[in-house]
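Novice: Protein chains in written order, with my numbering: chain A, 1 to 259; chain B, 1001 to 1259; chain C, 2001 to 2286; chain D, 3001 to 3286.
Calculated directly from the structure, the hints in this document are not laboratory data. The structure presented is a predicted model; accordingly, all values stated were derived computationally and were not measured. The reader is advised that the hints may include incorrect statements.
Lysine-lysine pairs mimicking DSS-like chemistry, simulated, CA-CA at most 30 Å apart [as the list claims (entries may be wrong)]:
| # | chain 1 | residue 1 | chain 2 | residue 2 |
| --- | --- | --- | --- | --- |
| 1 | A | 57 | C | 2203 |
| 2 | A | 154 | A | 119 |
| 3 | C | 2203 | A | 178 |
To spell it out: a stretch of chain C is covered by chain D in this simulated footprint if at least three of its residues, at any positions, have a beta carbon under 8 Å from a beta carbon of chain D; those stretches are [unchecked claim]:
| # | segment |
| --- | --- |
| 4 | 2018-2032 |
| 5 | 2067-2080 |
| 6 | 2083-2097 |
| 7 | 2117-2127 |
In this text, a Cβ means the ideal position worked out from N, Cα and C, and glycines have one as well.
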Amino acid sequence: MSYTTNEIMTIAAARRLPDGAVCFVGIGLPSTAANLARLTHAPNALLIYESGPIGAKPDVLPLSIGDGELADTADTVVPTPEIFRYWLQGGRVDVGFLGTAQIDRFANLNTTVIGPYDKPKVRLPGAGGAPEIASNAKEVLIIVRQSARTFVPKLDFITSAGHLTGGDARARLKIPGKGPVAVITDLCIMEPDPVTRELTVVSIHAGITPEQIRAATGWPVLFAADVRQTPDPSALELDTLRALQQRTAVAHGTASSSE
Amino acid sequence: MSYTTNEIMTIAAARRLPDGAVCFVGIGLPSTAANLARLTHAPNALLIYESGPIGAKPDVLPLSIGDGELADTADTVVPTPEIFRYWLQGGRVDVGFLGTAQIDRFANLNTTVIGPYDKPKVRLPGAGGAPEIASNAKEVLIIVRQSARTFVPKLDFITSAGHLTGGDARARLKIPGKGPVAVITDLCIMEPDPVTRELTVVSIHAGITPEQIRAATGWPVLFAADVRQTPDPSALELDTLRALQQRTAVAHGTASSSE
Amino acid sequence: MTEITSLREAVAHLVKDGDCVALEGFTHLIPSAAGHEIIRQARKDLYLVRMTPDLIYDQLIGSGCASRLRFSWGGNPGVGSLHRLRDAVERQWPQPLALEEHGHADMANAYVAGAANLPFSVLRGYQGSDLPTYNHNIRFMRCPFTDEELAVSPAIRPDVTVIHAQKADRRGNVLLWGILGVQKEAAMAAKRVIVTVEEIVDKLDAPPNACILPSAVVTAVCHEPGGAFPSYAHGYYVRDNRFYIAWDDIARDRDVFTAWVQRHIRDTADFQEFRQVLAQSKGAQA
Amino acid sequence: MTEITSLREAVAHLVKDGDCVALEGFTHLIPSAAGHEIIRQARKDLYLVRMTPDLIYDQLIGSGCASRLRFSWGGNPGVGSLHRLRDAVERQWPQPLALEEHGHADMANAYVAGAANLPFSVLRGYQGSDLPTYNHNIRFMRCPFTDEELAVSPAIRPDVTVIHAQKADRRGNVLLWGILGVQKEAAMAAKRVIVTVEEIVDKLDAPPNACILPSAVVTAVCHEPGGAFPSYAHGYYVRDNRFYIAWDDIARDRDVFTAWVQRHIRDTADFQEFRQVLAQSKGAQA
């Protein structure tokens, strides 16, 4: 069964969400991955959206963070401050799923500006919920398409803390959550080295070469000694993802949202 | 039409609640007075109870601060933190109605202990919502039966700030609300002097002598130069109060609560 | 994930000697059955927290379960004193009780701060009050932007919060309605949460934006119909005002109280049996 | 007490040049009609506040109504950039726009603090982020009890908050349901509150503990059915995803945008006429 790099990215990300986990879901790729997990191996994952739905079980992917579908299928809908205060800051979120515009070798994220803050070359949308998801979720999964424009040696702006300057930099600041535990791209999966916290390729998607990964990374990227090949999607994973995207396209009259 | 001193106390207190005012209501005498006001001259008063009901319109007086009747007749019922944070501290309460165990000449209130705090002679119930009602309501009405045991020269404990040491003591602490504007008892009405803030008898209920008031006050009590006689209850006031208490007695199988 | 279990098991596994325990319910939905079970299991040295320690804490304190109390109003609502609380404070019987006394606004704020995983709460209040003189956990700070003085208080983070609610579904999602008090915040602030409920149902059928505690927050759900007596459960039964009045006589005297607790709580297997014994004592009196 | 009035009058009397204005609605119930009316009445120099400045603020900013923006995420959800916001920030067109940039958690907290009449809010966050370097209103303090470092931010206290809701009754009590975002907090934090509604009814018939803004909090209620378009009103109409996509082309070019605003907003009398004109332009394109 053939599949696209976007599909393996979403499926590989979905696999990282444990069943029963409380997951803080961003719109776009994270929402696709979290819902795929819920529809396959993690039926008891509790999906929380920052607009207020807790336990959302959307039948079609939301196009916005506050689609009515999320409210209609949730266990409950609370005001946004409760999501951030009682759930995220409250330490009740197991997994935060984030996207990003730029990422560095320590999985710090920039969604604010390209260029100087006061004279930006590109003004990006900004932080959203990311800085506090990055701080307070017990662990963070990052899902992002890989390219040298996105995987940069130095961020113009750190919006959300990954492992900062590496090593125990994050622990020294007493940030509550563990931070990024994996970066899942359309080429590979990276994890922070247990000691230096530098992102290291641990799994390569089928058909991708290390050279392609190097070319798509703005720094000399490390590979684990025992780098694996990402298991191919199962028929269930692929069918479920495609059916979800098909239902979504029909419902919205458009392809699924891309952030 | 004859009436009791308790009746004129409740009626005189009710008269002080302006129509349309947002009123933070304590249980017992304050609740009786506030509901009497609502049923007579102040149909648009918005009664708020600390347990959560906003716009309660009880047909019978609640025996507890959280009777179901309050929830059933309210415009909405919010969690208790919202009452204290968004309404009281939010500066949205026009009138706070308080009772007390002891009061001094500057209308400071003690509901905590008689005797030393660490070795109390009598342990009273404590603060409840009073300290912050006394601070944050735009103005405070105190309703309490008058006796030398209650109106004392010096409080064993200041639970809730009235005018503290008098003069501009309260303003110097930047307390948001104006503090007590009247003390309504079964004998008379006292108001703080505009300058010294010492409680001054401004109105005496019919049939009560200044001597009775002096005997029931633990300090040499001041009388206004133009002290008035409290107007007798109107038939409407008295009938409404008695009907309310009658309904309450029937519903609860008991007399109306006394705090 | 929530366990649906008996109240006896829930208290046995989740409430330990020395724990900080909040049993909340503002007049409505007071978790009386759970309070009894804690007495029945003879927990010791509890740090009790509750805005309005009423009959339920009078019973726990008089039974020797508590050594410390954080509260804001300790009375029998509409009736008068809590005699067991007063006896503990005034005469250290059956043991001393350390008081940490706040105002309602502060307690409500401190639960909100606890639910939000903040170490302290901020409020406008206490100016001119003697409470901060006797409670050194009430302090003042200055606003980092305006320099205004504001009161601060430590967040409440119970080891266990116990509440009573109308309904739970079989996954452990809990629905309550009517007067909500601080129950949601007290639950969200706690490490472990026990909820006794009137009913366990297949589907909550809750209206939009109802007050629901998701199963992820609830450690144990226990089916205890009537478990809020003598308080009430909106939509199920009303407050038993006569019991509040009767409590004044029961609690006034140490021996009467002790005998009452023995017969009604320690010698009964559960809250259902307590209700039966209580009905018999009432019958005997009549 | 609430006035029930036209949106034109409400904006004329309650929104002044230079005001701090929050139009809130988290994807759901966005008060678009009110945003248009502010453009129609050519307000200037507004200090806009909103967690997610989307199309409604792109329109206000591009129309020259705003000089300052406090926000946390400025994009066209599911589509991409807000071109008018970017043009103002990147090239100062039509005028410079000062940014005060926070995270969502901080903004939500700051509304809660504003509603509670506190001057600042406290949160766990921003450690390691560059945001505090560029926004000097994000500071850090130490807990007076635990000495932990926590972030603080000024409370949001709008002069005017504008929201859209499903229903109001004739006394001005407002009911909303579904995704609530920060609307209640934004309203409680404001000096004046304008609510546009789908319906004005005799009786709200709200379920227990529904999200209601009591009339005492609401300055003006305006009947604006469809007033959340292209956002949605749960129970009334769905989100017009196509308009969000179409907006990308309208807003990308200054001249196209300006002509669009002239024809659809400035030259129309109200939101109903805007909807008619929009239907005509769509017809012309088809």
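Novice: All hints, please: hold or fail.
Specialist: We went through each hint and held it up to the structure:
Pair hint residue 57/A plus residue 2203/C holds up; C-alpha atoms about 16 Å apart against a cutoff of 30 Å. Annotation: proposed proximity of residue 154/A to residue 119/A holds, straight-line Cα distance about 18 Å (limit 30 Å). Taken as a hint, the residue 2203/C and residue 178/A pair is broken in the structure, with Cα atoms around 36 Å apart against an allowance of 30 Å. Evaluation of the coverage hint for the segment 2018-2032 of chain C: breached, as 0 residues show C-beta separations to chain D shorter than 8 Å, against a requirement of three.
Judged by the Cβ-Cβ criterion of 8 Å, the segment 2067-2080 of chain C is not covered by chain D as claimed, because only 0 of its residues qualify and three are needed. With 0 residues having a beta carbon nearer than 8 Å to a beta carbon of chain D, the segment 2083-2097 of chain C misses the requirement of three or more and the stated coverage is violated. Coverage of the segment 2117-2127 of chain C by chain D holds [criterion: at least 3 residues with CB-CB distance below 8 Å; count 7].
When the structure is compared with the earlier hints, violations turn up for hints 3, 4, 5, 6 and for no others.
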